[in-house]
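Numbered by the numbering used here, the letters in the sequence shown go through residues -16 to 187 in order.
Hint data in this document are derived by calculation from the structure and do not stem from the laboratory.
Please read these numbers as outputs of a predicted model, since none were measured by experiment.
Positions of the beta carbon are idealized from the N, C-alpha and C atoms, including for glycine.
Among the hints, a few may not be true.
[What the hints assert, rightly or not] Okay, the calculated beta carbon distance ranges per label pair:
no., residue 1, residue 2, range
1, 109, 143, 47 to 53 Å
2, 109, 166, 44 to 50 Å
3, 114, 148, 49 to 55 Å
[As the list claims (entries may be wrong)] Cross-link-like lysine-lysine pairs, in silico, DSS-like; alpha carbons within 27 Å at most:
no., residue 1, residue 2
4, 136, 181
5, 137, 149
6, 149, 67
7, 87, 187
8, 149, 181
9, 77, 87
10, 87, 149
11, 55, 181
12, 56, 136
13, 136, 149
14, 56, 67
15, 136, 187
16, 77, 136
17, 137, 56
18, 55, 67
19, 137, 77
20, 67, 77
21, 137, 55
22, 56, 181
23, 87, 137
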Amino acid sequence: MTSRFFTRILNIAAMAALVFMLAAEPARAQGTPPASATPAAAKPTQAAALPAGARIAFVNMQLVFSESEMGKKGQEQWRLFNDKLFANLAARDKEIQGLTDKIKTQQNLIDEAILRGWNNDLGRLQREAQFAQQEAQVQSNQMQQEVIAAFEKKVMPVLDALRSEKGLLAIVGVQSEPGGLTLLSSEPGMDLSAELIKRLNAVK
């Protein structure tokens, strides 16, 4: 249940990781940080009462992760981590660009042996930068997993308590985007997203 329940959050994280990789080229050169880890989700609406006799309810985990204080802290933790990785990659790009410009402007003014050495240095720096980018992606993915795992660990007991208190057989995870279980119609009050967010915000 748990792995399926958080599939959408992991997909969101994977999208953010892809944005981080794409940002490594033109965005890094412009000094623009990677995009936010979580896409915008609809704000929770005023919760209605759970229909009498209901045995199944649902929550939008994308919304819960996006809007709960716990989820926001995880997002901020990941953002700061990625910002640090981004800064290190940007510093390498600046060094490469500086040497590239130096070669272009002085290649006709210096000895061939010196030029060959500069080109060798440039090739080495480019290989190191490529490796650093790959390593940064691995580290970003690892942080993603840690953030999601920490969020899951704290959410599940609250979710189980909510299900038990409401006398439900199950609480289903839905999402607002294609790719998984999408709710098309339901009785008012069966959406427990706002209630789950409220309870998570009360956890100390």
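These are the hints, each one checked on the structure:
For residue 109 paired with residue 143, a C-beta distance near 51 Å keeps the hint of 47 to 53 Å intact. For the pair residue 109 and residue 166, the beta carbons lie near 49 Å from each other, so the given range of 44 to 50 Å is met. For residue 114 paired with residue 148, a C-beta distance near 52 Å keeps the hint of 49 to 55 Å intact. The suggested pairing of residue 136 with residue 181 holds, with an alpha-carbon distance near 17 Å, which does not exceed 27 Å.
Distance check on the hinted pair: residue 137 and residue 149 sit about 19 Å apart at the alpha-carbon level, within 27 Å; holds. At roughly 44 Å between alpha-carbon atoms, residue 149 and residue 67 are farther apart than 27 Å, so this suggested pair is violated. Note on residue 87 and residue 187: the hinted pairing is violated, with a Cα-Cα distance of about 58 Å set against a maximum of 27 Å. Restraint check for residue 149 and residue 181: the C-alpha separation of about 15 Å stays at or below 27 Å, so the hint holds.
Distance hint between residue 77 and residue 87 is fulfilled; the C-alpha atoms sit about 15 Å from each other, no more than 27 Å. Restraint check: the Cα-Cα separation between residue 87 and residue 149 comes to about 71 Å, which exceeds 27 Å; the hinted pair is violated. Restraint check: the Cα-Cα separation between residue 55 and residue 181 comes to about 14 Å, which is no more than 27 Å; the hinted pair holds. Restraint check for residue 56 and residue 136: the C-alpha separation of about 14 Å stays at or below 27 Å, so the hint holds.
With a C-alpha separation of about 21 Å, the suggested pairing of residue 136 with residue 149 holds against the 27 Å cut-off. Taking the CA atoms of residue 56 and residue 67, the gap is near 17 Å; set against the 27 Å cutoff, the hint holds. Pair hint residue 136 plus residue 187 holds up; C-alpha atoms about 14 Å apart against a cutoff of 27 Å. A C-alpha spacing of about 41 Å is found between residue 77 and residue 136, which places the hinted pair above 27 Å, so the restraint is violated.
Note on residue 137 and residue 56: the hinted pairing holds, with a Cα-Cα distance of about 13 Å set against a maximum of 27 Å. Restraint check for residue 55 and residue 67: satisfied, since their Cα atoms lie roughly 18 Å apart, inside the 27 Å limit. A C-alpha spacing of about 41 Å is found between residue 137 and residue 77, which places the hinted pair above 27 Å, so the restraint is violated. With a C-alpha separation of about 16 Å, the suggested pair residue 67 and residue 77 falls inside the 27 Å cut-off, and the hint holds.
Restraint check for residue 137 and residue 55: satisfied, since their Cα atoms lie roughly 14 Å apart, inside the 27 Å limit. Among the hinted pairs, residue 56 with residue 181 is consistent with the structure: their alpha-carbon atoms are about 15 Å apart, no more than 27 Å. As the CA atoms of residue 87 and residue 137 are separated by approximately 55 Å, the hinted pair breaks the 27 Å bound.
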